[in-house]
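2 protein chains.
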Amino acid sequence: MNAAELQALIRDIPDFPQPGILFRDITPLLKDKRAFAGAIDLMCEGLAAQRIDHIVAIEARGYLLGAPMAYRLGAGLVPVRKPGKLPFKRLTADYALEYGTNSLEIHNDALSPGERVVIVDDLLATGGTAVATKSLLKQLGAAIVGVSFLVELTALHGREKLDGTPVNAVVKY
Amino acid sequence: MNAAELQALIRDIPDFPQPGILFRDITPLLKDKRAFAGAIDLMCEGLAAQRIDHIVAIEARGYLLGAPMAYRLGAGLVPVRKPGKLPFKRLTADYALEYGTNSLEIHNDALSPGERVVIVDDLLATGGTAVATKSLLKQLGAAIVGVSFLVELTALHGREKLDGTPVNAVVKY
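Those protein sequences? They're chains A and B, same order as listed.
In terms of this note's numbering, the first sequence has 51 at position 50, counting the first letter as 1, and numbering is strictly consecutive.
In terms of this note's numbering, the second sequence has 52 at position 51, counting the first letter as 1, and numbering is strictly consecutive.
For reference, chain A alone in the conformation it holds in the complex (with noise of 0.2 Å):
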């Protein structure tokens, strides 16, 4: 399947989870066998020819992309979590939201320092929370082979906040 007919399955939803917001729904495309496949194995493109240490994938959505790519490129699964979730030592990035802030954390001993990462989630809007769980793998020492997303709303320019990180998006708005 190409990235057209995923595109084709992803359903908008107006005025989620508020008012103003159009919400691109992923979950029919998830549910269509032949396209959750060929979307886990669009968003390897390019990574199964290097070599990928740990995919790690932001809570909760971006579980259900980055935990496929992992087993399929046959490398470790490390979980970025909310606040409050991860019961070992960890470290904590805070990213604006539009009113406030909110967190990401890691278990302080998720990563090696030098060890090859991607990070993977389901949507790129502003970038904020993928910009907060590169400075988490900064400060393990990981070195960011790249970000992959299954969708990207290109309006809102996420991707120039990722300066210097190759960006994958699959799916564009």
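These are computed hints drawn from the structure, not numbers from a lab.
Just so you know, not all the hints are guaranteed correct.
It does not matter which identical chain is used: a pair holds within one copy or between any two.
[As the list claims (entries may be wrong)] Think about it this way: if two alpha-carbon atoms lie no more than 30 Å apart in a straight line, the pair counts; the simulated DSBU-like pairs of lysine-lysine are:
no.	residue 1	residue 2
1	162	86
2	173	83
3	83	34
4	139	34
5	162	173
6	139	90
7	90	173
8	90	34
9	139	173
10	162	139
Predicted model, so just to flag it, every value in this text is computed and none were measured.
Assemble the complex: chain A is given as a structure, and chain B must be docked to it using the hints.
Quick look at chain B alone, frame taken from chain A:
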């Protein structure tokens, strides 16, 4: 990797998320590429020979295991989510916590009657979330082939609450 080798990579965290709870932390297993792939393969054992239309994965740690199982089995992926996360029309099922209740939701078009599904989560404790997920799937008319966990806490007897549904767990405490 066999179940004992996987179990050796699960870390015990006392008093998390609250005093008196011994938390079984699977993150050291997930980040080990051989263990992660081995866990997915063991969780899929006996399923590859059957027709499985969808993996139904429970938020959030269930996604880390259910999504790669769907990829490996060539199945579609259906996320069950916490309240307020799914954007389309949905069904809700409540389940009891030690104090109060919580809910899980599924899109009402996630599955068609007769589709063969496997429920996946990281850990079977009292069985509340798996039972709630079963009730969602029954409302949609799905055929529940089984429930697959990475870890089972046998002393909590969750398996008994899933009467009539085959339960698979790789690591048992």
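Results for each hint:
no.: 1; hint: 162 / 86; result: both (27 Å within a copy, 26 Å between copies)
no.: 2; hint: 173 / 83; result: both (26 Å within a copy, 27 Å between copies)
no.: 3; hint: 83 / 34; result: both (29 Å within a copy, 23 Å between copies)
no.: 4; hint: 139 / 34; result: between (35 Å within a copy, 21 Å between copies)
no.: 5; hint: 162 / 173; result: within (17 Å within a copy, 45 Å between copies)
no.: 6; hint: 139 / 90; result: within (17 Å within a copy, 40 Å between copies)
no.: 7; hint: 90 / 173; result: between (37 Å within a copy, 25 Å between copies)
no.: 8; hint: 90 / 34; result: between (38 Å within a copy, 21 Å between copies)
no.: 9; hint: 139 / 173; result: within (28 Å within a copy, 36 Å between copies)
no.: 10; hint: 162 / 139; result: within (15 Å within a copy, 45 Å between copies)
Hint compliance for this structure: no hint is broken.
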